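Visitor: Listed below are the residues making up each chain.
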Amino acid sequence: SQQGEEDPQALSIQEGENATMNCSYKTSINNLQWYRQNSGRGLVHLILIRSNEREKHSGRLRVTLDTSKKSSSLLITASRAADTASYFCATDAYNYGQNFVFGPGTRLSVLP
Amino acid sequence: KAGVTQTPRYLIKTRGQQVTLSCSPISGHRSVSWYQQTPGQGLQFLFEYFSETQRNKGNFPGRFSGRQFSNSRSEMNVSTLELGDSALYLCASSGTGSRDTQYFGPGTRLTVL
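If you read the sequences in order, they're chains A and B.
When the letters of the first sequence are read in order and numbered with our numbering, they come out as residues 1 to 112.
When the letters of the second sequence are read in order and numbered with our numbering, they come out as residues 1 to 113.
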């Protein structure tokens with residue numbers, strides 16, 4: 001089964017609102033990354049958080065990691081229409097013979 | 001630096017044929033990973049190459065293979081194509097290893113008829 005699971009599967013908000021997406025995983029990790037994908041294109045790396053970090057910021061993005069609950073959240077503040085995309089969390093499963101394992105993603109729609 | 005490039009961007013093949021996809025990583029990157037993305041299965045890891053050696057492999061049949069050249073460029077090959085192989089194939093490169101940030105190319109959209 002997949003290592004990462006995003007929640008919700010889809011999210012629709014108005015411009016200016018905040019968007020929060022959650023990711024849960026099952027096994028121990030070294031780091032967790034968030035990526036964005038615009039409509040069938042390549043993935044764009046947003047942020048990497050290591051297992052010994054609890055929170056990280058990058059511009060309007062805030063990521064938290066709770067290793068005790070095996071979960072992470074991505075907060076996008078003051079959303080814009082250009083933030084409309086799918087967001088994926090990826091956990092490294094290197095110790096399990098895999099590479100990065102991606103969740104199914106959250107489809108975010110930001111309405112103008 | 002130029003980003004990850006993938007060729008071709010779009011491809012249409014018929015069942016039973018074979019296909020080769022190409023990926024050029026960011027200059028200086030030695031790790032190249034391949035992923036398959038479908039609406040039903042999401043993003044699934046195919047394999048990773050580092051310094052011309054396959055370092056990790058996902059759970060795909062032997063019809064899926066790859067290689068990496070001395071300049072870090074990578075190719076993946078799918079033989080005896082099936083309808084279910086229709087997908088977006090993404091290549092990602094990273095600097096020192098698979099635990100680093102991966103930089104993705106735009107993908108190759110493969111349609112099998």
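Please keep in mind that the hints were generated in silico from the structure rather than gathered at the bench.
Remember, it's a predicted structure, so these values are computed and weren't measured experimentally.
By construction, the Cβ of each residue, glycine as well, lies at the ideal position given by its N, Cα and C atoms.
A hint or two may mislead.
Distance condition first, Cα-Cα at most 27 Å in a straight line; then the derived DSS-like pairs of lysine-lysine [claimed, not checked]:
no., chain 1, residue 1, chain 2, residue 2
1, A, Lys69, A, Lys26
2, A, Lys56, A, Lys70
3, B, Lys13, B, Lys57
4, A, Lys26, B, Lys13
5, A, Lys70, B, Lys13
6, A, Lys26, A, Lys56
Covered stretches of chain A, going by a simulated chain B footprint (3 or more residues, C-beta under 8 Å) [stated by the list, open to error]:
no., segment
7, 16–23
8, 99–105
Visitor: The structure should be examined with respect to each hint, and the outcome stated for every one.
Guide: Against the structure, the hints:
1. For the proposed pair Lys69 of chain A and Lys26 of chain A, the alpha carbon gap of about 9 Å is at most 27 Å, so the pair holds.
2. Between Lys56 of chain A and Lys70 of chain A the CA atoms are separated by roughly 16 Å; this keeps the pair inside 27 Å, and the hint holds.
3. Restraint check for Lys13 of chain B and Lys57 of chain B: the C-alpha separation of about 25 Å stays at or below 27 Å, so the hint holds.
4. Of the pairs offered as hints, the one joining Lys26 of chain A and Lys13 of chain B is violated, with about 38 Å between alpha carbons and a cut-off of 27 Å exceeded.
5. A C-alpha spacing of about 42 Å is found between Lys70 of chain A and Lys13 of chain B, which places the hinted pair above 27 Å, so the restraint is violated.
6. Restraint check for Lys26 of chain A and Lys56 of chain A: satisfied, since their Cα atoms lie roughly 21 Å apart, inside the 27 Å limit.
7. Counting residues of the segment 16–23 of chain A whose beta carbon lies closer than 8 Å to any beta carbon of chain B gives 0, which falls short of the minimum of three for the stated coverage.
8. Given as covered by chain B, the segment 99–105 of chain A passes the check, having 7 residues with a CB less than 8 Å from a CB of that chain where 3 are the minimum.
Of the numbered hints listed earlier, those contradicted by the structure are 4, 5 and 7.
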